[in-house]
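*Asks:* Each chain, written out:
2 protein chains.
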Amino acid sequence: MEKVRPALLKGFDQEFLPGEQLQFNALVDSIRASFELFGFLPIETPSAERREILTSKGAMEKEIYAITRLAGDPGDTDAARGALHFDLTVPLARYVAMREHALAFPFRRYQIQRVWRGENPQANKGRFREFYQCDIDIIGKGELGYLAEAEIPSVIYMVFSGMQIGDFRIRLNNRKLLKGLLQHFKVSEEIAPEAFRIMDKAEKETHEKTRADLQALGLPEATAAQILKLIVEKSSTDETLDKLSFYADKNELAAQGLKELDQVVKAIRLFEVPDSAFGVDLGVVRGLDYYTGTIYETTLVAHPELGSICSGGRYDDLASYFTNTRLPGVGISIGLSRLFSRMKDAGLLKPLEKTPAEVLVTTMDAKYLARYIGLANELRRAGVNTELYLEGARLGKQLEYASKKGFRLALIAGESEFAKDAVQIKNLRTQIPIEVTLGRLVEAVRAALLEGRT
Amino acid sequence: MEKVRPALLKGFDQEFLPGEQLQFNALVDSIRASFELFGFLPIETPSAERREILTSKGAMEKEIYAITRLAGDPGDTDAARGALHFDLTVPLARYVAMREHALAFPFRRYQIQRVWRGENPQANKGRFREFYQCDIDIIGKGELGYLAEAEIPSVIYMVFSGMQIGDFRIRLNNRKLLKGLLQHFKVSEEIAPEAFRIMDKAEKETHEKTRADLQALGLPEATAAQILKLIVEKSSTDETLDKLSFYADKNELAAQGLKELDQVVKAIRLFEVPDSAFGVDLGVVRGLDYYTGTIYETTLVAHPELGSICSGGRYDDLASYFTNTRLPGVGISIGLSRLFSRMKDAGLLKPLEKTPAEVLVTTMDAKYLARYIGLANELRRAGVNTELYLEGARLGKQLEYASKKGFRLALIAGESEFAKDAVQIKNLRTQIPIEVTLGRLVEAVRAALLEGRT
Numbered sequence: 000m001e002k003v004r005p006a007l008l009k010g011f012d013q014e015f016l017p018g019e020q021l022q023f024n025a026l027v028d029s030i031r032a033s034f035e036l037f038g039f040l041p042i043e044t045p046s047a048e049r050r051e052i053l054t055s056k057g058a059m060e061k062e063i064y065a066i067t068r069l070a071g072d073p074g075d076t077d078a079a080r081g082a083l084h085f086d087l088t089v090p091l092a093r094y095v096a097m098r099e100h101a102l103a104f105p106f107r108r109y110q111i112q113r114v115w116r117g118e119n120p121q122a123n124k125g126r127f128r129e130f131y132q133c134d135i136d137i138i139g140k141g142e143l144g145y146l147a148e149a150e151i152p153s154v155i156y157m158v159f160s161g162m163q164i165g166d167f168r169i170r171l172n173n174r175k176l177l178k179g180l181l182q183h184f185k186v187s188e189e190i191a192p193e194a195f196r197i198m199d200k201a202e203k204e205t206h207e208k209t210r211a212d213l214q215a216l217g218l219p220e221a222t223a224a225q226i227l228k229l230i231v232e233k234s235s236t237d238e239t240l241d242k243l244s245f246y247a248d249k250n251e252l253a254a255q256g257l258k259e260l261d262q263v264v265k266a267i268r269l270f271e272v273p274d275s276a277f278g279v280d281l282g283v284v285r286g287l288d289y290y291t292g293t294i295y296e297t298t299l300v301a302h303p304e305l306g307s308i309c310s311g312g313r314y315d316d317l318a319s320y321f322t323n324t325r326l327p328g329v330g331i332s333i334g335l336s337r338l339f340s341r342m343k344d345a346g347l348l349k350p351l352e353k354t355p356a357e358v359l360v361t362t363m364d365a366k367y368l369a370r371y372i373g374l375a376n377e378l379r380r381a382g383v384n385t386e387l388y389l390e391g392a393r394l395g396k397q398l399e400y401a402s403k404k405g406f407r408l409a410l411i412a413g414e415s416e417f418a419k420d421a422v423q424i425k426n427l428r429t430q431i432p433i434e435v436t437l438g439r440l441v442e443a444v445r446a447a448l449l450e451g452r453t
Numbered sequence: 000m001e002k003v004r005p006a007l008l009k010g011f012d013q014e015f016l017p018g019e020q021l022q023f024n025a026l027v028d029s030i031r032a033s034f035e036l037f038g039f040l041p042i043e044t045p046s047a048e049r050r051e052i053l054t055s056k057g058a059m060e061k062e063i064y065a066i067t068r069l070a071g072d073p074g075d076t077d078a079a080r081g082a083l084h085f086d087l088t089v090p091l092a093r094y095v096a097m098r099e100h101a102l103a104f105p106f107r108r109y110q111i112q113r114v115w116r117g118e119n120p121q122a123n124k125g126r127f128r129e130f131y132q133c134d135i136d137i138i139g140k141g142e143l144g145y146l147a148e149a150e151i152p153s154v155i156y157m158v159f160s161g162m163q164i165g166d167f168r169i170r171l172n173n174r175k176l177l178k179g180l181l182q183h184f185k186v187s188e189e190i191a192p193e194a195f196r197i198m199d200k201a202e203k204e205t206h207e208k209t210r211a212d213l214q215a216l217g218l219p220e221a222t223a224a225q226i227l228k229l230i231v232e233k234s235s236t237d238e239t240l241d242k243l244s245f246y247a248d249k250n251e252l253a254a255q256g257l258k259e260l261d262q263v264v265k266a267i268r269l270f271e272v273p274d275s276a277f278g279v280d281l282g283v284v285r286g287l288d289y290y291t292g293t294i295y296e297t298t299l300v301a302h303p304e305l306g307s308i309c310s311g312g313r314y315d316d317l318a319s320y321f322t323n324t325r326l327p328g329v330g331i332s333i334g335l336s337r338l339f340s341r342m343k344d345a346g347l348l349k350p351l352e353k354t355p356a357e358v359l360v361t362t363m364d365a366k367y368l369a370r371y372i373g374l375a376n377e378l379r380r381a382g383v384n385t386e387l388y389l390e391g392a393r394l395g396k397q398l399e400y401a402s403k404k405g406f407r408l409a410l411i412a413g414e415s416e417f418a419k420d421a422v423q424i425k426n427l428r429t430q431i432p433i434e435v436t437l438g439r440l441v442e443a444v445r446a447a448l449l450e451g452r453t
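Chains as they are written, first to last, in numbering that gives the first Met the number 0: chain A, 0 to 453; chain B, 0 to 453.
None of the hints are false.
Remember, identical chains collapse to one label, so a pair may be satisfied in a single copy or spanning two.
Derived lysine-lysine pairs resembling DSS-like cross-links, with alpha carbons at most 30 Å apart:
1. K9 <-> K56
2. K140 <-> K403
3. K140 <-> K366
4. K9 <-> K61
5. K140 <-> K396
6. K200 <-> K61
7. K258 <-> K366
8. K178 <-> K203
9. K56 <-> K178
10. K140 <-> K2
11. K419 <-> K265
12. K265 <-> K396
13. K178 <-> K242
14. K200 <-> K249
15. K258 <-> K396
16. K242 <-> K366
17. K2 <-> K61
18. K140 <-> K9
19. K9 <-> K200
20. K353 <-> K140
21. K353 <-> K403
22. K56 <-> K2
23. K403 <-> K9
24. K2 <-> K178
Since the hints were derived computationally from the structure, they do not count as laboratory data.
Using the sequences and the hints, build the whole thing.
*Replies:* So this is what it looks like as structure tokens:
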């Protein structure tokens with residue numbers, strides 16, 4: 000028979016062996032636990048939405064995947080109107096607009112799902128067409144105070160502290176402040192979006208390039224230099240806020256933005272996020288016009304090349320395309336597939352503390368089958384993850400299998416052990432076996448599992 | 000601004016409010032834990048595969064969703080070759096064929112993911128176009144013994160015992176036995192598939208209809224009656240095996256099937272699955288020719304109308320379309336979206352034992368903001384899921400929010416409590432408040448959470 004080559008689609012190719020899948024799942028579980036610690040509850044939305052929902056905000060249609068029946072649609076016009084979601088924010092907006100009356104506001108939800116984008120995939124940079132996003136948002140009905148903006152960094156702090164991936168820095172800015180600064184520098188509203196785009200990219204460019212780009216927009220040399228200085232000069236949060244008060248005196252919008260930033264910084268400190276983990280940074284711009292207040296980016300101190308691993312901000316109205324109810328909110332998103340891929344490359348993935356592959360009961364001698372099954376039953380009843388080696392194979396092959404799969408312990412017993420009502424527990428890391436009587440099996444296995452973990 | 004109506008696509012509409020999502024997630028977690036208890040490890044495969052992979056087995060193309068860019072494909076021929084997987088078996092076959100040398104065999108994996116099928120959706124019957132499947136398989140390289148077939152029911156037993164959804168029955172049969180029986184009854188190989196289809200549906204039809212359908216196939220009246228009798232007459236496992244030995248004497252394939260069934264039944268008992276929870280049932284047929292040995296269906300005793308909630312079987316070769324390596328296996332699948340939907344309708348969903356919404360710290364008086372945040376920090380540090388009410392609102396509204404979201408406890412404190420260095424802990428089920436000093440906060444909250452749970 001002619002074979003079909005088993006291969007993956009380009010960009011749909013972040014697929015793991017079980018060991019790596021376990022590490023990925025552990026990361027998801029840890030993120031989920033942090034979100035729940037702050038009272039966020041889960042939702043999931045369908046992968047496919049009506050096309051008019053996804054394109055309501057004028058999203059890039061070239062990047063959206065439509066779904067159609069492979070062999071022609073059997074008169075079904077409804078599903079033919081579907082496409083895969085490209086983020087979790089548009090589905091959230093549709094969800095809240097649909098379920099406005101059933102939800103408790105402020106609505107705090109987390110959502111960990113795959114999204115699809117027809118971008119140019121670069122596996123080596125962790126960029127995929129199908130990838131996981133982990134989002135949280137706090138949505139108010141009618142209004143939402145500044146404290147929500149201050150609590151978000153404490154969630155980010157918890158998430159990345161929990162991951163133990165080294166020092167990170169949550170960088171804050173405020174869109175009103177940024178807009179006010181451009182007003183002060185007499186940058187017209189027409190070119191402001193492009194100026195923001197240049198400022199957003201400044202950290203990846205040389206100073207000369209950024210200054211030249213700003214000048215090319217028509218800004219005087221002195222203005223371009225001043226803007227560049229603001230973006231790249233780093234100082235402590237309090238010094239930065241202090242320095243900015245100069246501009247607040249000169250522009251009303253900047254004054255308002257600065258006041259918000261000041262309030263948010265004070266509250267972040269109440270939430271006990273240490274100053275070493277966050278700071279006001281005017282280099283944070285966020286491309287989208289969508290954001291209207293505090294904006295966030297998060298970078299790993301030892302791995303700036305990873306870029307922002309968690310970004311988001313405050314917005315004025317989540318679902319204006321779907322409902323007249325004003326729904327201001329604040330949220331962040333972690334691009335998990337990319338983060339995982341880059342963590343792996345940077346050697347930041349830790350071995351699992353606890354693997355589900357705990358004990359392999361080997362089956363050396365078929366005549367004791369009932370006893371082997373009994374051992375497995377007993378351990379499972381005690382809640383110990385246990386696999387029974389079901390095939391006839393020599394012991395060496397069974398132990399090889401156990402090591403390849405990452406089992407912690409192997410149980411070994413044959414004629415001589417069973418004659419003594421005993422069994423050997425072999426630690427597969429140290430290769431040291433101990434013999435225990437059957438009456439002490441569960442107790443001894445639990446002790447051996449704990450021991451290996453410390 | 001004209002609004003886009005927030006609505007879902009037909010069949011892509013199993014979407015929950017957070018409370019229900021938590022119940023769904025709890026079910027997934029419990030299934031996952033049962034799978035891991037037996038040494039199955041997780042994998043996930045991309046949602047989209049190359050089209051030639053999905054259609055390799057001659058799957059129904061009308062039911063497969065292809066993906067294409069919404070606004071024309073920018074010269075990207077690769078992604079245009081993708082379609083969404085319609086089950087988890089074909090992706091598993093591709094996965095194992097691709098990674099044959101990296102995997103440890105027997106390869107035991109579980110996989111809990113969404114799949115997509117362009118079927119006629121019926122939400123009231125729990126049939127969706129996008130739905131979750133939970134699969135386990137044990138794949139051998141070259142060979143796989145009968146013990147794997149015997150262990151599967153013990154996994155099923157663990158899964159559904161863990162769900163606490165009432166009595167269930169794992170029903171077994173063997174495809175070789177079924178084929179042998181049809182040979183014995185002189186049913187030709189040409190019409191055997193159709194005869195199996197009729198036998199498979201027999202439990203949902205009247206006896207007259209089944210007999211008439213079999214006769215319409217060309218079977219003599221007496222043969223049709225004998226087959227019907229075998230399918231519908233229920234007796235204990237041992238009686239059934241006994242009764243079948245009559246046919247085993249007359250047909251070699253039936254004899255082999257019966258021998259397998261007998262072996263498997265004996266081992267299932269060693270795995271301590273009680274006879275009340277499983278039994279040989281000749282009414283189990285499974286449509287697919289794919290299966291070659293033991294086959295399984297599982298039904299809820301009090302809810303036969305739900306049909307089989309977990310099905311599968313033994314097959315000879317998983318990935319013959321992709322590799323020359325022979326990969327025999329055995330597996331089962333739980334259609335989770337359907338099961339959840341039907342459990343909900345049947346009132347089988349239990350309230351959550353543990354909700355992530357544990358404590359709401361109310362904020363009665365803005366001047367104590369720092370203290371409220373401090374309380375939340377302290378509880379979170381202790382691992383208690385805690386939300387801080389961030390908006391300015393009267394206490395009544397805050398408590399209403401807490402009830403709507405399902406919080407267990409509310410912390411209440413104002414001038415008089417703080418003057419005493421105390422806080423009120425209100426149990427939101429009983430509405431009874433207790434006052435505790437701040438030094439005992441964590442301890443008291445933990446006790447109150449435990450109390451509500453028993």
